[in-house]
Amino acid sequence: MYSCMRPFTLLFTPLLLLSHPWGAKAQPAPPQYPVSAIADSLLEDANSVVRLSSTELTVKDPQNATGHFHKVYTILNKKADRYLIFSSYNSSFRQLTDVNIRVYDKQGLQIQKYNKKDMMSTSFGEELVDDGSLTYFRVSPPSYPVTVEFDYFVKYKGILVYPGFEMQAASQALQKGAYQITLPADLGFRYKNINTPIQPRKNTAGLLTTYKWEAGNLPAISLESHSGPDYQYLPMILMAADKFSMDDYAGQMDSWSHFGDWVRLLNKKDAALKPEQIAFYQNLTASAASQQQKARVIYDYLQRNMRYVSIQLGIGGYKPLPAAFVSTKKYGDCKALSHFMQAALASVGIESFPALINADRPEIPVEPDFPNGYFDHEILCIPHLDGKSDTTWLECTSKLIDFGTLGYSTAGNYALLLTPDGGKLIQAPATTCQENILSIHDTILLHADGSATQKSRYAGQGAYKDMFLYGFYQHADRDKKDFITDYLGLKSTDSLQFGEQARTTGPYTFDMDLKYDNFPDFVSGTKVFVRSRPFSRFIYTPDEDSSRTADYYFDFPHTIVDTTVYQLDADMHPESIPEDRTISYDFGTYASQYHYDADNRKLSIINQLVINKDIVKADKFNDLIDFTGKVAGDVEEKIVFIKD
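Quick note on numbering: the sequence shown equals residues -26 to -1, 1 to 618 in mature numbering (1 follows the signal peptide of the UniProt record, and there is no 0).
A couple of the hints might just be wrong.
[Said to hold, decoys possible] Listed next, the in silico DSSO-like pairs over lysine-lysine satisfying Cα-Cα at most 30 Å (straight line): (1) Lys304 / Lys248; (2) Lys587 / Lys604; (3) Lys373 / Lys131; (4) Lys131 / Lys53.
No wet-lab data here; the hints were simulated from the structure. It should be emphasised that the depicted structure is a prediction, and the values quoted were computed from it without experimental measurement.
Can you build the whole structure from these sequences, using the hints too?
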């Protein structure tokens, strides 16, 4: 799913892998930040250590602020090499004014330094609109450990989202950290502690108030596998102001309602379509018998004709392109496409509301009691379509997701609904095991000489449909094979052919024809050992951990129904038939059935796995280990056939 609105955080492009060449060696300087000065307690379980994290933010008024950021990281190994990268987003509201980078070896000796003129800069917005730039640089370390120092200054023309005090990442220790903010008292400054008790020192001088936090000697936090969002465990402090202004658009963030009002204000002048465009969408839907059918027709038009582009245009990343512009030019980012869809629906009498949301689990939490702008995506909500009480959700950036469904990356996340009555913080519908269904049917004709042909059909619904469409639909056969091999864990085959059905509103289905010169895993005399199921990625088995403290997160609730049929040569039969199995816990069930039709020499194996909860509480982790172990044992069981 797409993240198109995060105001000051960007996903690095492959260009960031470019490295700046080493220049002439700097003159010797006194040692700084030697690794030997790091306490052993901070090195334990750490891939990197924050030697210094200093933020000084000075807010003159709602439209003017400056930031001084001083970050020093000791990178202990390649697992933390993302801290070798400096990047800064530049726009009409945020400008990098100066930056210095210094690099130190293990002894703390400076081995290189760079400044702003050494940086690389690239514009973005796909050259379709003027959309700012990214200044970036990547240090190439001669060896590990290495220490990098980033010292930079930023000028703001209004701040919508205040930088928070994020003390440490996973597997990262903090040696010394400080955060200071000075701003007018009448802005209504707020903060919220997450996983930390520290409080600021507060000082008021005239109309300005200064808050300062200090932290240090925090050992690395090792996060357990599949433990959910990092913010549930890492210390941070969120910052916000009740009053703000961007490009002379004054707003309030003292409530979700007021913040929603401000976001709606940004689109007020550009929300309408031109008369000829309105007439076009009315004619397009003229034969539709209901409001729902009209909405489907327009959504289908959007998916077939509009192109998603990732741009940050507008105020803090929130102001969309005009709806009429999108209708004409046929492109836009998530907010532009959502607002276009809203306007097109309005032209045929359907009311809808955009909704700010996060794609995937966010890095910064959305806290119901702490209004803020921590959203990176936008979708559309149609309430009460055709008088029904259910809400219809539309993902307007995807050409593949079905009408009325959310991708699993946004399902269950908090969303800020932008209504005429203000912003309303709600929770998007969570996905269920009844929606995310993978159905597999394999028929294998096994010959006594070990050769085999296999016909397979895969049908995905919900999240599985999304994955198959993005990884398989209309891709080249080589890419399809890579996807199938990586995701499904199929045996190496001597021949593989694909067939796929047209994309419809039902399950997405594709077929495979496979040929093997040597199908069995191994042969011993007259005994032939084969996999009981060709689909081997049935369930992930977590490592046993009796001391686990974190809940376990599945990607999504799901159901897998797998049927495997072995059709045997006339001179083959199974040595024995495994017993049927049923395993049940409150978070999931598994059942397998084996049936051998001796008259037709056909062995049928039917399995069903249901994970009805995507979160398993830590105190149930041993149950999960027992469950997944038994499921894996059954799925991986070999079937032994005897050659007569």
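Against the structure, the hints come out as follows:
no. : hint            : in the structure
1   : Lys304 / Lys248 : holds, 15 Å
2   : Lys587 / Lys604 : holds, 18 Å
3   : Lys373 / Lys131 : violated, 36 Å
4   : Lys131 / Lys53  : violated, 36 Å
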